[in-house]
Each structure stands twice: as structure tokens, then as C-alpha cells.
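A.B. asks: Here are the chains, one letter per residue:
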Amino acid sequence: MNIEEIEQLRKKAALMTILGVIIAILVGAGLFLLVIGIGMDLIQASGVSIIAGIVIAWLISHIHKKKFTEAFKEKYVLSEFNKRFENVKYNADTGIPGEVIAETRMINMGTDFEANDFLAAEYKGVKFVQSDVQIKEKSYIEINDIPVRVRNRKIFQGRWLIFDFNKSFKADIQVRQKRFANARVEKIKDANASFKKVEMENMEFNEEFKVFAQSEHDAFYILTPRMMERIQKLTRDVDGKLLFCFIDNKLHIAFNNNKDSFEHSVFKKINEQKVEDEVFRDTTVIMNFIDELNLDNDLFRKEV
Amino acid sequence: MSPLIIALIVAVVLVAIVIVWAIGASNKLNKSIVKIDEASSDIDVALTKRYDVLVKMIETVKGYAKHEKETLFEVVKLRSNMTMEEKNEANRQMSENLKKVNILAESYPDLKASENFKTLQKSILDVEEHLQASRRVYNANVSYFNQLIVTFPISIVAGMKHLVKKDFFVAEEAKREDVKIEF
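Listed in order, the protein sequences are those of chains R and A.
Note that this note's numbering has the first sequence beginning at 1, numbered continuously upward.
Note that this note's numbering has the second sequence beginning at 1, numbered continuously upward.
Think of the hints as simulated: they come from the structure by calculation, not from any bench.
Glycine included, C-beta positions come from ideal geometry on N, C-alpha and C.
Please note that a few of the clues may not be correct.
[Unchecked claim] Derived coverage of chain A by chain R (criterion: at least 3 residues anywhere in the stretch with Cβ under 8 angstroms from a Cβ of chain R; other residues may be distant):
1. 121 to 132
2. 136 to 143
[To be verified] Not close to chain A: a few residues of chain R, all C-beta gaps over 10 angstroms, as computed:
3. 4
4. 41
5. 109
[Unchecked claim] With beta-carbon atoms standing in for the labels, derived distance ranges:
6. R:278 x A:30: 50 to 60 angstroms
7. A:89 x R:203: 54 to 64 angstroms
8. R:249 x A:119: 17 to 27 angstroms
9. R:87 x A:24: 52 to 62 angstroms
10. R:225 x A:48: 22 to 32 angstroms
11. A:55 x R:125: 24 to 34 angstroms
12. A:167 x R:87: 48 to 58 angstroms
If we strip away everything but chain A, and leave its shape as in the complex, we get (with noise of 0.2 angstroms):
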């Protein structure tokens, strides 16, 4: 065999390794970025729930505090495809109506002792169990393809597909100023 002809047949098989790699590792890309949108969704349900709940407690507020005028919580909009910027947004407007709650309830002390009102401070609890699950979920997997399409040589192939990095889903900060509650 001619030396032309080898050297062929080693390039041609040098090629198909790299296309092989290459597919490899964009398929590796795209199960990372599936596995980040189940994730994703696996938030959006659990801060469904954390509204559900939020809504029940908030009503259960306003039946004990009906003579006064209505307490004023922030409006959540929580709706399909939220970017993640307005999940967290809605995620902190939720935990600021809590906090309105709680603090509503120690003025009502018959509210504070109901039943109804103690299912339903254990039930936020583990809805927010299951949020920082959640969160810690995607978080752990957008970390992943962060550091994929930062390395080399998968880098090349991410930056061919015009991969960024992903945002994460915040924690709740403490917030130290007190809650402004209108009547």
C-alpha cells in the first residue's frame, strides 16, 4: 500500500474519531441541559405548592383579621416559562407574605392556637423542605454544565453551539429590616 493511501486512511480515521467525540460530547451537553429543564420544572412545582399553601394561610389570616381593613401582600404572578430571575422574584415576594403572616398571627392569638393554623405553618415547612430540595437539585445540576462548558476540550463544542452559563436558583436572603405591614 502506497504510503499516500495510508496516510489517508490515517487521517480519515483520525477525522471520524473527532466527529465521534464531538457527538459524544454535544449529546453530553444536551442531557445536562434536559436534566437542568426537569429540574426546573421539579421548582416550579414545588413553589406552586408553596403558593397554594401561602393562599390558605393567608385566607385563614383574613378570617380572623376581618374588622380590620385588608392587609396589603405583595401580588404573586407565578405562571408558566418563568426565567429563573422571575422565579426567584416570586419565590422572595411569597417568603415576604409569609413573614406578613407570622407576624399577623402573633397579634391574633386565637389564629395562632387554631388548628387549622398549625396544619398549615407544618405544611410551608415541608413544601419549603421540598423547594430547597428543588433548588438544590438544579443548582447542583447547573453547576455541572457550568463547569462542562468552561472545560477544555468540551469547550469547543459548547462554544460551537452557543452554550452560556446558567443562572442559579437563590436562596432566600435574611432580611433584617422589619416588614412594613398597611392596614
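Next comes chain R alone, as it looks inside the complex (with noise of 0.2 angstroms):
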């Protein structure tokens, strides 16, 4: 498909995004009125009304706006990844599962979780899967038996990372970027097997990171001087807080910078070389994670 192709189903999308708003908007008014008339309370018709403007407009809107996605995604978003990595599997609709996320115990994972743009592939001989993640809390009360909404909020936006490590480890270690919020170290109740605070013999780095571990010889082993100098020149190259989590042999990476990359908005016109450098950069980011990390130094990833 090219970009005047693709450019029509933008606009496509577009327009029918506001057609649903607008339908959504007239048809939530008859029925508020509807429903006042026959005897339905304020907050309760309010509720149906509400909803039913919403289920309206996301029908109406979302067949065109994910054909738009698809198009936009295999053009600029596909392509790129065949660019720079081997054996790619990519699904815009699906992410990395929350109970992958979930069994690291490394964050708070909230009310709901939603992920997309799942993407497996190689790069230098490293095996890694990302996806955007977004998780929020939300919170309800009861009003005459209609759940409202008190409280939305977001713990964490970004992307997921997770890598092939090149080294063999017993525990889990957990480096976190000061001020990423809501990244938490479960207390494990088996006394063997608890996280304790490790501090680091490089005191730059405890003082912009915090490093959780169950075996202070492996959080040694893994955090060497380098490894440590390296990570810290990620958080400069990265936009967002990182939060690094070693387990079960893989190195998850985890960077929280509120935004949901590789979309486009169905309101913006499509500046090719905009979105071309954008995807570039965002790619760019795995590759650096692998090429600063040495990840694909092999030399101790057999086991003495």
C-alpha cells in the first residue's frame, strides 16, 4: 500500500471517529430523555446514556481506525523491524502478557493491563521480545448500584523489553531509576529467598539507582563497574525511567516514558520522513539496549 493509499484510510478513520462522536453524542441525549421518561433516576440514566455513547462511537469508529493501523503499522512499522533484525514475528494487536510482567514481581500491576505491538526478533545473536504496556489502577464507588469511577490512574506507560542475557544467575536482582514510580519488591515470605537492599561500591550509581537482590554475590556479579557505567548511560539516552529486571536468565527492561509508541494519530496528516525518523528511533532503542549491554557477548553464557 503507499502513502496516498494509506492517507485516504487515515482520513476515512478520521471522519468516521467524529460521525460516532457525534451520532454517540445524539443518540446518549434521546435516550437520557428517554429514560427520564419512564421513570429512570438522574445518575442511573446519566450512566446508560454514557455508555451507550460510547459502545456507538467505538463501533462506529473502530472498524476504519484499525484498518488504518494495520496499514500505517506494516508500512512503517513492519518494514523498519525487517530492517534491523532477523526472524521477526510482529502483531500490532497482541503484547507481551501480563502474567510474564506479573511473575517478575517488580511492579504494581494495577486494575487493568493492555499491551500491543508484540514484536519477537534477533538482533547480533540476541533473542528479545518488547511490547508497549500500559497499566492503570482504577478505583469505583457504588451509586444507587451503578459502579462510577473515582479514581484513574495510570502506574505505568511505556515499553517492555526483554532479552536473552548473556550470563547464568541464580536470583532475581532489581535495579530501578530512582523516581520510577511504582516499581515494588514483593516480600517473598521463604526468609531464603528475600530481596535485600545492595549497595553498590560506585556511589554515583546508588545515588540515581536503587538495587534489590537476593544474592548479593550475584547482584555483584552481574553489576561490574562496566555494567554499571553502562546503565547509566542508557538512562541518559533513554527518554523515560528504566527499571531493570534480571530473572530466570533474561534481563527485562522496562521504561516508563507515557507514550504508546509506533501509532499515529488518525488527526494528523502523515509527514513520511516524521514518521520514518520516529520509528527509526524507536527501534534504535533495542538496538542500544543489546550493543551498550553487550548482550551479545557470549563468553560466560555457559554454565562452569
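Since each chain comes alone in its own frame, lean on the hints to assemble the complex.
C.D. replies: Pasting the structure below:
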């Protein structure tokens, strides 16, 4: 598909979104008057008409938005991945499962989990998976038996990457950049497996990061002076706060950049150069992690 | 209540506070010593692993160099309850032997190309990474302990327990001179 065809899809999706909102407002208003007329109270009537409006708006715009997104991602995102990586498997609609992230016990999983732009590939022989992740915490109170949302807190929005790590280790280790909100270390009841705070010998590193590990030795084994320097460099190169989790011989990297990568608004005209630059930047992040952290160095990959 | 009794109560409370604090400080020092001992054991484990891999490498090299007289390798003695100085010395000797092994391997291309030798070389690298980690853990704990015993007011309790600074486990210095190998 060429850019003109994709632009056509975008315009159609934008139009249908606006149309959907207008119809939703009209139907919502009509429904509101109707249910008031049959005796429902104000709050219940509002709830019913708002929900109906949202459903209608979604139904009208969704299918067109999906067509545009699929075409956009195939042209600009998948092609970039195929240029940079080997053995690419990409699915724009799915992401890393919530259970995989929850198993790390490194982040508050909130009440709502969404993931998309799942990519599994290889770069310089290093296998990895990545996806965009959004975690929210919604809390509700009930008013006249209708749940009303009172709090919608975003816990994490950014990218989650999982790499094969090139050293074998037994203990779980977490390296959290300060002010990476909502990362947590869950206390494990078995005292032998409890996480302890570890102070590294690099004072500057300790100022910027908190390290928790089930084994002090493994923390020092993984976080060599060079590794710490490279992690510090990555924080300067990457937009957003970083979280590193070393678990089951894999390295999870999460960065909280408040952005849903590889997306394009239906209301914004496609500037091809700008889009390509942005996708290139978002893809380069993955390569940088592998290059900077030397993950392709397999000197230590085998057990002694 | 008479002023004398009040003064007595205050004095008793103050003494109790000092005693509780002193017990806490003493426990902190004891815990630090235990952590250093644990880290020291970790070094022993890493040194033993290094020694085992090095022995395998030496045997492999001797297998290829069997037509020459036996290469002189420094005898490394590893035993339990070694002082830090002795561990440093044992580590230094192992590094010397490793250098000799690598120099010898250069003279025997078949040895250098053998899968067994390559595997052992990878193993030694990983073992050395673990040894470095053990060294850094040990030194971090020693540094913390040494800082504790010189910092007022814990230094008072440390002085009463006759605690002294502990030695670090030093990293190997790069040797510039060639190692002499005797056949």
C-alpha cells in the first residue's frame, strides 16, 4: 500500500471517529430523555446514556481505525523491524502477557493491563521480545448500585523488553532508577529468598539507582563496574525512567516514557519523513540496549 | 516526689538508654563481622573453582607438551582458614600459572584450537568474574566495617571490643615483566 492509500484510510478513520462522536452524543441525549421519561433517576439515566454513547462511538469508528492502523504499521513499523532484525514476528494487536510481567514481581499490576505491538526478533544473535504496555489502577464506588469510577491512576505507560541475558545466575535482581514510580519488590515469605537492598561501590550509581537482590554475590556478579557505567549511560540516552530486572537468566527492561510507541493519530496528516524518523528512533532503542549492555557477548553464556 | 528521686530516675533512664544503644551498636558490629565472614567464604569458593579449572587447563597443556620437560608451575596451596594475605598470595600464584598456560598455548596451535581448551578458557573467564564479584562483595563489607569502627560514637564500642580494621582482598596488579618459564 502506498502513502496516498494509507492517507485515504486515515481520513476515513478520522471522519468516522467524528461521526461516531456526533451520533453518540445524539443517541446518548435521546436515550437520556427516554429513560428519564420512563422514571429512571438522573444518575442511572446518565450512566446508561454515557455507556450507550461510548459503545456506539466505538462501533462506528473502530473498524476504520483498525484498517488504518494495520496499514500504517505494516508499511512503516514492520518494514523497519525487518530491516534491522532477524526472525521477526510482529503482531500489532497483542503484547507481552500480563502474567509474564506479573511474575517478575517488580511492578504494581494495578487493575487494568493492556499491551500491544508485540515484537519477537533477534539482533546480533540476541533473542528478545518487546511490547508497549499500559498499566492502570481504576477504583470505583457504587452510587445507587451503579459503579462510578472515582480514580484512574496510570501506573506505567511505556515499553517492556525482555532479552536473553548472557550470564547465568540464580538470584533475582532488580535495578530501579529513582523516581521510577510504582516499581515494587514484593516481600517473599521464605526468608531464604527475600530481597535485600544492595549498596554498590559506585557512589554515583547508588545515588541514581536502587538495587534489590536475592543474593548480594549475584548482584555484584551481574552489575560489574562496566555494566553500571553502561546502565548510567543508557539513562541519558533513553526517554523515561528505567527499570532493569534480572530474572530466570533473562533481562527485563522497562521504561516509563508515557508514550504508546509506533502509533499515529488519525487526526494528524502523515509526514512520511517524520514517521520514519520516529519509528527508526523507537527501533534504535532496542539495538542500543543490546549494544550498550554487550548482550551479544557470549563469553559467559555457558555454565562453569 | 523529691528532687533526689527524680534525679535518680532520670539517671537510671539515661543509663538504660546508653546501655540499649551500646547493645545495638555491638550487634551492628557483630552482624558486619558475620557478613565479612560470609563474603570471605564466598571468596574461598571462587578461589577453589578457579583452582579446579586451572588444574584442568594445566593437565590439558601438559598433554600437548608431553615431549618437553614438565613446565614449572608455581605450587598453589589452598586450604581452609587462610588469612586474607594468604588468599591474596594464592590468587596471585594462580594468575601467574594462568599466564604461563596461555603463553604455552601460543606454541601449540592444536592445543589452542581444541574445543576442550576453548571451553576451559571460557570457564576460567566466568570463574574470574565470580571471583571479582566475591572480591567486591567482601571489600564492600570490609569498607563498611572499617568505616563503622572509626566513626564516633560506634568507635567507642569498637574500641571496647578491641576491633581493628580488616584487610581488603586486593585485585591482581598487571605484571609488565615476562614470566619466566622453565622446561
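A.B. asks: The structure should be examined with respect to each hint, and the outcome stated for every one.
C.D. replies: Now the hints, each set against the structure:
Against chain R, the segment 121 to 132 of chain A contributes 8 residues with a C-beta closer than 8 angstroms to a partner C-beta. That satisfies the three-residue criterion, and the hint holds. For a cut-off of 8 angstroms, the count of residues in the segment 136 to 143 of chain A with a CB near a CB of chain R stands at 5, and the three-residue condition holds. At roughly 55 angstroms, the least C-beta separation between residue 4 of chain R and chain A is larger than 10 angstroms, which holds for a residue marked as non-interface. The non-interface label for residue 41 of chain R is consistent with chain A: the shortest C-beta to C-beta separation is roughly 63 angstroms, beyond 10 angstroms.
Interface exclusion of residue 109 of chain R from chain A stands, the closest Cβ pair being 32 angstroms apart, more than 10 angstroms. The supplied range of 50 to 60 angstroms is met by residue 278 of chain R and residue 30 of chain A, whose beta-carbon atoms lie about 58 angstroms from each other. At roughly 31 angstroms, the beta-carbon separation of residue 89 of chain A and residue 203 of chain R lies outside the given 54 to 64 angstroms, and the hint is violated. Checked against the given bound of 17 to 27 angstroms, the beta carbons of residue 249 of chain R and residue 119 of chain A, roughly 19 angstroms apart, stay inside it.
Distance hint check: the CB atoms of residue 87 of chain R and residue 24 of chain A are about 58 angstroms apart, consistent with the given range 52 to 62 angstroms. Under the hint 22 to 32 angstroms, the C-beta atoms of residue 225 of chain R and residue 48 of chain A, about 25 angstroms apart, fit the expected range. At roughly 32 angstroms, the beta carbons of residue 55 of chain A and residue 125 of chain R sit within the given window of 24 to 34 angstroms. Checked against the hint of 48 to 58 angstroms, the pair residue 167 of chain A and residue 87 of chain R passes, with Cβ atoms roughly 51 angstroms apart.
Hint 7 from the list above is the single one not met by this structure.
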